[in-house]
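S.K.: Taken in order, these protein sequences are the chains called F and S.
As numbered in the numbering used here, residues 1 to 184 make up the first sequence, in order.
As numbered in the numbering used here, residues 1 to 295 make up the second sequence, in order.
Bear in mind the hints are in silico, worked out from the structure with no lab data behind them.
Mixed in with the good hints there might be a few duds.
[Stated by the list, open to error] Some but not every residue of chain S turned toward chain F, in silico, with C-beta under 8 Å:
#, residue
1, 3
2, 5
3, 6
4, 8
5, 43
6, 45
7, 48
8, 49
9, 53
10, 55
11, 105
12, 109
13, 190
All of these numbers come straight from a predicted model, not from anything done at the bench.
All C-beta atoms, glycine included, are put in the ideal place defined by N, C-alpha and C.
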Amino acid sequence: MSDPTTADTDGETMHHVRLSVNGATYDIEVPARRLLSDAVRQDIGLTGTHVGCEHGVCGACTVLVDGVPMRSCLMFAVSAEGQEVTTVEGLGDADGSLGAVQQAFKDCHGLQCGFCTPGFLTTITACLRDNPDPTREEASEMVAGNLCRCTGYQNIVSAVLRAAELQGAGCATKPEHAAQEAQA
Amino acid sequence: MKPAPFAYLRPECLQDALEAYADHADDAKILAGGQSLIPLLSMRLAAPTMLIDINRLTELSYVHTDASGVRFGALTRHAQIEHDKRANRAQPLLRKALRSVAHPTIRNRGTTVGSIVHADAAAEMPAVLRLLEGSVTLRSHEGSREVGAEDLFVGPLETSLAAGEIATEIFMPALPAGAGVAFEEISRRRGDYALCGAAAIVQTDPGGAVTSVKTGYLSVSETPLVLDLSDAFDDGELSQTNLTGAGELASAAVQPETDIHATADYRRQLAGVLTKQVIEQAHNHASARTIGGSQ
Ligand SMILES: Cc1cc2nc3c(=O)[nH]c(=O)nc-3n(C[C@H](O)[C@H](O)[C@H](O)COP(=O)(O)OP(=O)(O)OC[C@H]3O[C@@H](n4cnc5c(N)ncnc54)[C@H](O)[C@@H]3O)c2cc1C
Ligand code: FES
Ligand code: FES
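All chains, please: the whole structure from these sequences, using the hints.
M.R.: Here it is as structure tokens:
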């Protein structure tokens with residue numbers, strides 16, 4: 001049985017957890033009930049991951065766990081040990097410029113207040129990996145599990161298509177289609 | 001922090017998990033995907049003193065398909081089964097229903113076994129297990145037993161699992177030749193729990209006559225409900241008259257409740273309408289399989 005190193009403070013057992021986030025390693029001491037979303041924001045200090053509903057409905061907290069989108073409010077930090085977590089801070093290009101999905105959101109006005117945006121960016125990044133050349137219908141399907149209260153979904157769906165175009169896959173098959181969508 | 005404190009164990013193999021659960025059967029809960037349990041903990045609707053995290057039991061992450069049907073383990077995520085081609089060739093109702101279980105992101109983490117033993121009558125997969133007459137393997141420190149779907153669901157969010165038992169595997173029978181399946185639900189938004197959902201399995205004989213019609217329902221009863229509507233088709237025809245009769249039988253048989261999302265009457269009407277739709281679709285599916293010789 002793997003029993004992470006533990007220490008007592010205020011009677012609650014603390015777990016030593018080594019988390020790998022955006023390629024960097026963080027050693028944190030947390031109780032088992034610390035949600036991954038809170039660990040990322042409070043213990044590690046990466047506040048790009050937003051917390052809306054805290055029960056899995058809104059999608060704002062979505063991060064990639066071993067490349068797969070998951071709700072960080074529905075995971076405990078202890079459970080994420082040994083897995084690679086990617087937050088919105090990890091989506092930029094190596095030179096510090098915006099990644100394709102981020103750039104597409106900027107190009108298409110895919111955000112207003114930006115609260116929901118980190119969850120959309122992580123989700124779309126993973127979805128475009130599986131389907132690099134989505135139709136508008138598929139793009140809309142990709143973001144169906146994320147809520148946005150102010151931008152509206154038209155521009156967000158356009159941003160998905162624009163991101164596909166920026167990543168190159170869209171160009172070969174339907175350049176006009178994606179460009180039109182981006183302006184819509 | 002939102003959840004109340006709990007002790008946390010993360011066994012590396014099933015044997016260790018069973019031993020730990022035997023020692024703490026009264027106060028421990030199993031943590032699978034956590035997509036139902038963690039919201040309950042965060043809202044403090046549940047406060048177990050110990051969680052046994054089974055996410056390291058990779059031996060329970062599999063989808064095995066043979067001529068008899070599909071078996072999957074306690075760590076198999078909804079998404080794994082949804083995307084497994086062999087499994088869905090053997091039993092196409094799996095994907096048809098899994099596509100309505102929450103959103104893809106939830107399906108990446110949540111387990112189908114967890115969903116079934118969570119036994120929410122508004123969930124898709126408990127109804128599918130009942131309709132297909134599948135079974136679940138339960139393991140404890142003391143041994144193993146197999147429970148049929150009809151004996152598993154005993155009340156709202158309540159199963160016949162004994163203290164210290166872990167559901168390790170679910171078996172879903174393959175779709176027989178000449179049979180077809182369908183699934184439909186109405187929810188307020190895609191990915192939400194359904195106001196009403198229905199699944200059907202229609203069996204036809206080599207001449208194309210309907211020989212058996214069964215339907216399963218979600219969100220209209222306390223435990224997953226299955227109806228045998230074969231009598232409505234006793235002339236073997238899929239006529240509008242027979243479909244209407246089946247819809248009326250279904251509306252009369254469901255026991256929906258009124259809540260903030262929908263009235264009981266509305267759900268009752270949905271059950272009737274969906275019944276007709278899924279039977280017709282399942283029949284089309286059976287015909288297409290017979291002609292196409294495949295799915
Ligand atoms: C926003 C949102 C929307 C959702 N919508 C739907 C929906 O439309 N339809 C639907 O069906 N579900 C829905 N779900 C729930 C989701 O499908 C869950 O994944 C599933 O119900 C539970 O599986 P889990 O692996 O996450 O189990 P957990 O949450 O880990 O566990 C659930 C319960 O089962 C017990 N348990 C789990 N595995 C075992 C086991 N192997 N042996 C014994 N006990 C066990 C746990 O102790 C706990 O009591 C939704 C969830 C969210 C967050
Ligand atoms: S904060 Fe996690 S889904 Fe809303
Ligand atoms: S940009 Fe404000 S909630 Fe989406």
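S.K.: May I ask you to test the interface hint for residue 49 of chain S with respect to chain F, counting a Cβ-Cβ separation under 8 Å as satisfied?
M.R.: Status violated, d = 11 Å.
S.K.: Holds or violated: is there a CB of chain F closer than 8 Å to the CB of residue 3 of chain S?
M.R.: 4 Å, holds
S.K.: Going by Cβ atoms only, is residue 109 of chain S closer than 8 Å to chain F?
M.R.: Given a least distance of 5 Å, the restraint on residue 109 of chain S holds.
S.K.: For the restraint on residue 45 of chain S, tell me whether the closest CB of chain F is nearer than 8 Å.
M.R.: Constraint on residue 45 of chain S not satisfied, violated at 11 Å.
S.K.: Under the criterion of a CB-CB separation shorter than 8 Å, is residue 6 of chain S in contact with chain F as hinted?
M.R.: 6 Å, holds
S.K.: Closer than 8 Å between Cβ atoms is the bar; does residue 55 of chain S clear it against chain F? Give me holds or violated.
M.R.: 6 Å, holds
S.K.: The hint names residue 48 of chain S as touching chain F; please verify it with the least Cβ-Cβ distance against 8 Å.
M.R.: Violated: closest Cβ of chain F sits about 11 Å from residue 48 of chain S, beyond 8 Å.
S.K.: Restraint: residue 5 of chain S near chain F, CB-CB cut 8 Å. Satisfied or not?
M.R.: Since the shortest Cβ distance to chain F is 5 Å, the answer is holds.
S.K.: Do the numbers back the hint for residue 53 of chain S, that is, is its least Cβ distance to chain F under 8 Å?
M.R.: Nearest chain F Cβ about 6 Å off; hint holds.
S.K.: Are residue 43 of chain S and chain F close enough, Cβ to Cβ, to be under 8 Å, as the hint says?
M.R.: This hint holds: residue 43 of chain S lies near chain F, its Cβ roughly 7 Å from the closest one there, short of 8 Å.
S.K.: Have a go at the residue 105 of chain S hint: is there a Cβ in chain F nearer than 8 Å to its own Cβ?
M.R.: This hint holds: residue 105 of chain S lies near chain F, its Cβ roughly 5 Å from the closest one there, short of 8 Å.
S.K.: May I ask you to test the interface hint for residue 190 of chain S with respect to chain F, counting a Cβ-Cβ separation under 8 Å as satisfied?
M.R.: 5 Å, holds
In the structure shown, a violation is registered for the earlier hints numbered 6, 7, 8, in ascending order.
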